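A.B. asks: If you read the protein sequences in the order shown, they are chains A and B.
Here my numbering = 1-based position in the first sequence + 92.
Here my numbering = 1-based position in the second sequence + 649.
A couple of the hints might just be wrong.
Footprint (simulated), chain B over chain A, 3 or more residues, beta carbon under 8 angstroms [unchecked claim]:
1) 102-112
2) 230-242
3) 256-266
4) 283-297
Hints are computed from structural coordinates only; laboratory data are not their basis.
Since the structure is predicted, the reported quantities are computational estimates derived from the model, not experimental observations.
Note that beta-carbon positions come from the ideal geometry of N, C-alpha and C, so glycine has one too.
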Amino acid sequence: MNAPQLDMAAIAPLAFAAFGALFVLLGEVWLTRRRTNEHFINAALSVLSISFLGLSVYCAGAAFSDGTTRVFDPANPMLSLDRFAAYSIALIGIASLLICFASISYLPQVGINHGEYYALLLLSTAGMFLLVGATDLMALFLGLELMSIPLYVMAGFDRRNLRSNESAFKYFLVGSFASAILLYGIALVYGVTGSLGFDAIRAGFPPGNPIGIVGLGLLVVGFAFKVASAPFHQWAPDVYEGAPTSVTAYMAITVKVAAFAALLRLLTQAFGPVTASLSDLFWVLAALTIVVGNVMAVIQTNLKRLLAYSSIAHAGYLLIGFATGTVEGYGAVLFYLLVYVFTNLGAFAVLMALAQGGRDCDTLDDLAGLARQRPGLAALLTLFALSLAGIPGTAGFVAKFFVFESAVASGQTVLAIIGVLGSVVSFYYYLRLPVQMYMSEAATETPRRHAATGELLVLAVCAVVVLFLGFFPSHAPGVLGAVRALEWARSSVAMLY
Amino acid sequence: MPVPLAHVIALSAILFAIGTVGALSRRNLVVILMSIELMLNAANVAFLGFARAWASLDGHVMVLMVIVVAAAEVAVGLGIVIALFRNRESVDVEEVSLLKW
Chain A
93 MNAPQLDMAA IAPLAFAAFG ALFVLLGEVW LTRRRTNEHF INAALSVLSI SFLGLSVYCA
153 GAAFSDGTTR VFDPANPMLS LDRFAAYSIA LIGIASLLIC FASISYLPQV GINHGEYYAL
213 LLLSTAGMFL LVGATDLMAL FLGLELMSIP LYVMAGFDRR NLRSNESAFK YFLVGSFASA
273 ILLYGIALVY GVTGSLGFDA IRAGFPPGNP IGIVGLGLLV VGFAFKVASA PFHQWAPDVY
333 EGAPTSVTAY MAITVKVAAF AALLRLLTQA FGPVTASLSD LFWVLAALTI VVGNVMAVIQ
393 TNLKRLLAYS SIAHAGYLLI GFATGTVEGY GAVLFYLLVY VFTNLGAFAV LMALAQGGRD
453 CDTLDDLAGL ARQRPGLAAL LTLFALSLAG IPGTAGFVAK FFVFESAVAS GQTVLAIIGV
513 LGSVVSFYYY LRLPVQMYMS EAATETPRRH AATGELLVLA VCAVVVLFLG FFPSHAPGVL
573 GAVRALEWAR SSVAMLY
Chain B
650 MPVPLAHVIA LSAILFAIGT VGALSRRNLV VILMSIELML NAANVAFLGF ARAWASLDGH
710 VMVLMVIVVA AAEVAVGLGI VIALFRNRES VDVEEVSLLK W
């Protein structure tokens, strides 16, 4: 038997993240033995994670500009690094890296300064890299679990806090329930095709077989749970509210990118021929998710809950792209994910910068009087809220525009109208943030801390991306030009066909 | 005489249904955990039945993977249950209701 020809470059991003997790664990033990200052250990581990994630992102970027498809084991293709995977990996990697930066000062502020945090974050990120590169249902399932299991722990990271316990517990129950459903779907798909590889499924999936249809349905339901799409969304607000803010940011942003990217690849590469018949299903999911997310967000008074419902609503807009089933629609989805990452990360980074003295800043009342005390943070939060709402001049508008445009172009006009109406409703609850910050005063004034360097860096990056993508769609350099970023997204999707 | 594929799949479907109903209706955390394990094992039974029908090894390998993943999941799940129990002295899901609406 010949030794398999393995292409190590195909797993470079994944390997850097996974080895990074091991180094962080070792590093923590090594540093703690020397009884150095706790803040120093935290910062050192964070920098270690950031450098490993940086290497991952660098590899993904190189693979993206290279444009060739690398398969880890060509004889038995399970994991590949192609343009699509590279785009998603770069996006997830950058988001995780920025969250590491913001966590340096956030973790000590809320008193959960433990090194395992970064190891878990890196492991989960490695799972996401595996998930978006998987071209086999086995790799897909492994990636999904490697992504989810560390996240259950991270949600309960503040283990003396009952809310954090409850968040972890709910996330664990719903997450493993969803995984079991997804796994049964994989089993049924395997039953009708006799294979787990995407290419073989594409060739051998019988369109009319009821077992196959049930299997595909269970797969979609499993992913709907993971991306918190209505009617499978009830867990998200509870989990997002209870988890520490940095973990909430991580869950809301990277998990959504990874799950949507994996679903996109699954629907095009594995189920390409039958995807058109799912269009109605996605239509219903998208419409329900937009309505539920936006309506429920209106009555929230907890900021993290509000952002959770807002992220449900955004999942609805993303599902519009899936309902179209065209390359333009999928390209718009990938571009939307890019905008979603930076806008939401910015909003969460402001909340992280406002946490102090063991307390998260998580109710609307906590924002009262912020404009006078910290005008910079107030202005930034306003910018990100406006971008989430989709005001012209921000990235959020451009992203929504591309999604709705693709919906209209493929004849889904009603869905586009529902999306627009949903965004109109969303203006109400997003504008409550600036109103609270600029127009009301806190009953008892507590001094607020200054934002730390890491948080400022994250805020600056997010603000620049949001503004440039919104203001100069066609003239800005590199990724900052929305039209070019959209081209990249489209070319990543086009290679899946 | 080998067991027919239909019987294997029927068994796995019944196990999956029992697991799903258990996970959705039970109130004790540990029982819910067991129900979820039952769902995973129902999928394992289906994998093995299909693997034999197609004479392919993929299903067998997948089952090994699922067993490993399930073990990891249970370890984390029990850890979370213990953390919750320490703070609250109860494993009844009805009482875990700080976060709602």
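A.B. asks: Run every hint past the structure and note whether it holds.
C.D. replies: Evaluation of the provided hints:
{"no.": "1", "hint": "102-112", "result": "violated (count 0)"}
{"no.": "2", "hint": "230-242", "result": "holds (count 5)"}
{"no.": "3", "hint": "256-266", "result": "holds (count 8)"}
{"no.": "4", "hint": "283-297", "result": "holds (count 4)"}
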